[in-house]
Amino acid sequence: MILGVLGLAREPEPFIAQLLHGLAAAGIEVRTGRRAARGADVVYLPWTATAVDDPGVFDLGPPVVLSCRGAQVNVAPWNPDRTALRDGLPGAFARAAAVHCVSDAIRREAAGHGLDPAKATVIRPAVDLDRFRPSPPPAPAAARLVSVGRLQWRKGYEYALLALRRLQDAGHAVTYEIVGEEADGGATRHAVHDLDLTAVVTLTPPLGREAVAERLGRADVLLLPSLSEGIANVVLEAMACARPVVVTDCGGMTEAVTDGIEGRVVPVRDPAAMARALADLLADPERRRAMGRAGRARVEAGHDLAHQVDAFAALLRGVAA
Amino acid sequence: MRVALVVHRFPERSEGFLVDHALGLLGQGVDVHVVADTVDRAAVAEQAPDLVGRVHPSPAGHPRRPAVALAVLTGVLRAPVATARYLFASRGLGSGRSARLARDLPLLGLAPDVVHTEFLTLARSRTHLPAVLGCRLTSSVRGYDVAYAFLDQPGAYAAVWPALTRLHVLGPDLWRRAQERGCPADLPHQVITPAVDATAVPTADPGGDGPLRLISVGRLHWKKGHHHVLEALARLRADGVDASLRIVGDGPDLEAVAFARHQLGLDDAVTFVRGLDRVGVGAELAQAQVFVHGAVSEGFGNAVLEAQAAGLPVVTTDAEGLADNIEPGVTGILVPRRDPVAMAEALADLAGDPRRRVALGQAGRERARRRFGPEDQHAAFVAFFAEAVA
Numbered sequence: 001m002i003l004g005v006l007g008l009a010r011e012p013e014p015f016i017a018q019l020l021h022g023l024a025a026a027g028i029e030v031r032t033g034r035r036a037a038r039g040a041d042v043v044y045l046p047w048t049a050t051a052v053d054d055p056g057v058f059d060l061g062p063p064v065v066l067s068c069r070g071a072q073v074n075v076a077p078w079n080p081d082r083t084a085l086r087d088g089l090p091g092a093f094a095r096a097a098a099v100h101c102v103s104d105a106i107r108r109e110a111a112g113h114g115l116d117p118a119k120a121t122v123i124r125p126a127v128d129l130d131r132f133r134p135s136p137p138p139a140p141a142a143a144r145l146v147s148v149g150r151l152q153w154r155k156g157y158e159y160a161l162l163a164l165r166r167l168q169d170a171g172h173a174v175t176y177e178i179v180g181e182e183a184d185g186g187a188t189r190h191a192v193h194d195l196d197l198t199a200v201v202t203l204t205p206p207l208g209r210e211a212v213a214e215r216l217g218r219a220d221v222l223l224l225p226s227l228s229e230g231i232a233n234v235v236l237e238a239m240a241c242a243r244p245v246v247v248t249d250c251g252g253m254t255e256a257v258t259d260g261i262e263g264r265v266v267p268v269r270d271p272a273a274m275a276r277a278l279a280d281l282l283a284d285p286e287r288r289r290a291m292g293r294a295g296r297a298r299v300e301a302g303h304d305l306a307h308q309v310d311a312f313a314a315l316l317r318g319v320a321a
Numbered sequence: 322m323r324v325a326l327v328v329h330r331f332p333e334r335s336e337g338f339l340v341d342h343a344l345g346l347l348g349q350g351v352d353v354h355v356v357a358d359t360v361d362r363a364a365v366a367e368q369a370p371d372l373v374g375r376v377h378p379s380p381a382g383h384p385r386r387p388a389v390a391l392a393v394l395t396g397v398l399r400a401p402v403a404t405a406r407y408l409f410a411s412r413g414l415g416s417g418r419s420a421r422l423a424r425d426l427p428l429l430g431l432a433p434d435v436v437h438t439e440f441l442t443l444a445r446s447r448t449h450l451p452a453v454l455g456c457r458l459t460s461s462v463r464g465y466d467v468a469y470a471f472l473d474q475p476g477a478y479a480a481v482w483p484a485l486t487r488l489h490v491l492g493p494d495l496w497r498r499a500q501e502r503g504c505p506a507d508l509p510h511q512v513i514t515p516a517v518d519a520t521a522v523p524t525a526d527p528g529g530d531g532p533l534r535l536i537s538v539g540r541l542h543w544k545k546g547h548h549h550v551l552e553a554l555a556r557l558r559a560d561g562v563d564a565s566l567r568i569v570g571d572g573p574d575l576e577a578v579a580f581a582r583h584q585l586g587l588d589d590a591v592t593f594v595r596g597l598d599r600v601g602v603g604a605e606l607a608q609a610q611v612f613v614h615g616a617v618s619e620g621f622g623n624a625v626l627e628a629q630a631a632g633l634p635v636v637t638t639d640a641e642g643l644a645d646n647i648e649p650g651v652t653g654i655l656v657p658r659r660d661p662v663a664m665a666e667a668l669a670d671l672a673g674d675p676r677r678r679v680a681l682g683q684a685g686r687e688r689a690r691r692r693f694g695p696e697d698q699h700a701a702f703v704a705f706f707a708e709a710v711a
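Chains as they are written, first to last, in the numbering used here: chain V, 1 to 321; chain H, 322 to 711.
Everything labelled a hint here was simulated from the structure, so no lab data went into it. Bear in mind the structure is a predicted one, so any value in this text is a computation, not a measurement. Treat the hints loosely; a few may be bogus.
Partner residues are not named here, just some residues of chain H that face chain V (Cβ under 7 Å, in silico) [what the hints assert, rightly or not]:
1) Ser411
2) Tyr469
3) Glu576
4) Ala577
5) Ala579
6) Phe580
Footprint (simulated), chain H over chain V, 3 or more residues, beta carbon under 8 Å [stated by the list, open to error]:
7) 74-81
8) 120-126
9) 150-162
We treat Cβ as the ideally placed atom computed from N, Cα and C, and that holds for glycine.
Just chain V, same shape as in the assembly:
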């Protein structure tokens, strides 16, 4: 079977590259570019907006499968300047042969934009369980919080910094590292200075996957303060490293994390609740270890890369048949 992939970034995101690599290993011939797509058995669009911006993909011949991953479905349609995307979604969903959603939450959002639920398949993100492995918990003098992800408003780092300010004021010895490209016009850096947190916060430029795995291994808690997500891959990666996670209740996060089991789930835009959850974990190393173990078990059971690839291959073969 031949899969024609359209709308890829020049340098595809790691989780998409990982998926395509897995599909190729499963015997699916992956080709990119429009000409290849025309002769393919199935055309695959990793990004929803491609189907709206480039509706010609539906006229190439092969059936089209598209993915709903996050912001293009649950953020951009509410932007008054993106009405063309919002208005184009129902038509794109109608013409697609099948739609992949990264979470139930995203499927519900997409249904609000005209997706027939019968056409949707939820396949949640997966993590490379060999690359992200448990390691002994660190025992630093000051607890280490880590976030990984591009510095942009959707990631909600301002709220994490407000929570950290509360922890500082309450006397907790804690440091916080945010790893990711600064793409927020200086907002996060300003908040670090404005909240007088320069001594305990480090902004680190983007790291490769090995280095991310190493950072997660050194962390006491992985913090995801996002306002919006599909399902954040980095949370699964931290769980694979047997680290407890504190995440906001957005997108499909509760489909990967249960409050009190693998970590804590707190409301979005609520620094006080986030600070309380963090303080609880920081005070209880045994609970952190237990949550880490539970996290590893959960991604082993439900977010194994091999299972994700199998499910995706089955979805594509079903459409091609």
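On the provided structure of chain V, position chain H as indicated by the hints.
Chain H only, in chain V's frame:
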């Protein structure tokens, strides 16, 4: 006295104060010119006909060789002495000389007594001007310059301070922050607050019953903290106070603010009003009952001053110059930045007290008229430049 004001774009919709500033100096007899990276000549002719012929484009970036040759030729023809002196004096300035010459060309022809950068960031690439033009270099410090520009580069302004003759700050807070960024305490500085022409702002009627009509005026930019205002509004409404908000402004962060509106369940309570000119903004102010400002960084806040001039009570954060802008408790209520709980409480107080809204609004209008008149500001700037050349 000839003064060249250096800005990014002219005129800029969100920086109408720069047009007022130039016109005010002109009215006081200063031979004022404006040098900008980007000039909209049609807008100058429409908004400030007195400045036609006084606004000069100054190309940024690296020009091609023919453009530089043309620049030198033009300089030699128009201002031979100044150009010769410039070329001689900039011998040792190293790389980027041609780009610099093309950009400095308008200044060569003008031979100003003072070059004044309206943002400190603009002074960083102009520290050579006193030596090559024989002029004085002065600068304004705005919130952007010291609150978040170049926070990752501690020495960003190290070369600027020695090149400056005099510094203008919008208020005491910015003077303190300038020193935190390395400004020597003995650099002559002058506090000149922004001004507002209260007679040009229509008066609002903040009293009355019924659902509370809130307004925010500010660019859709993270520093304006619109999302914190929306969080406060969501709390206010959850507490049973019926209130709506109009957000007046344009900017790059529409998606973030629009998403906050949706996530907080405020789609029906919040309206974006975009593309307004100053007259349009005045008309919006006149229809509102409370002005609310959520900024996390704000040098002074012209919009907050205009709201007071319109007779609106103000609820604002304490970011930088805002505490100097309103008179807390008299013209408005000051709340901590990033604190939607405190902001919601302040709004609830005003929602339940129309008479207080009216009293705060009247005091604000009075304060704007008395303390922030354009004439005083223009006179202060004339003194500022006179001191610089003295």
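Each hint, compared with the structure:
no.	hint	in the structure
1	Ser411	violated (32 Å)
2	Tyr469	holds (4 Å)
3	Glu576	holds (4 Å)
4	Ala577	holds (4 Å)
5	Ala579	holds (5 Å)
6	Phe580	holds (5 Å)
7	74-81	holds (count 6)
8	120-126	violated (count 0)
9	150-162	holds (count 4)
In this structure, the hints that do not hold are numbers 1, 8, in rising order.
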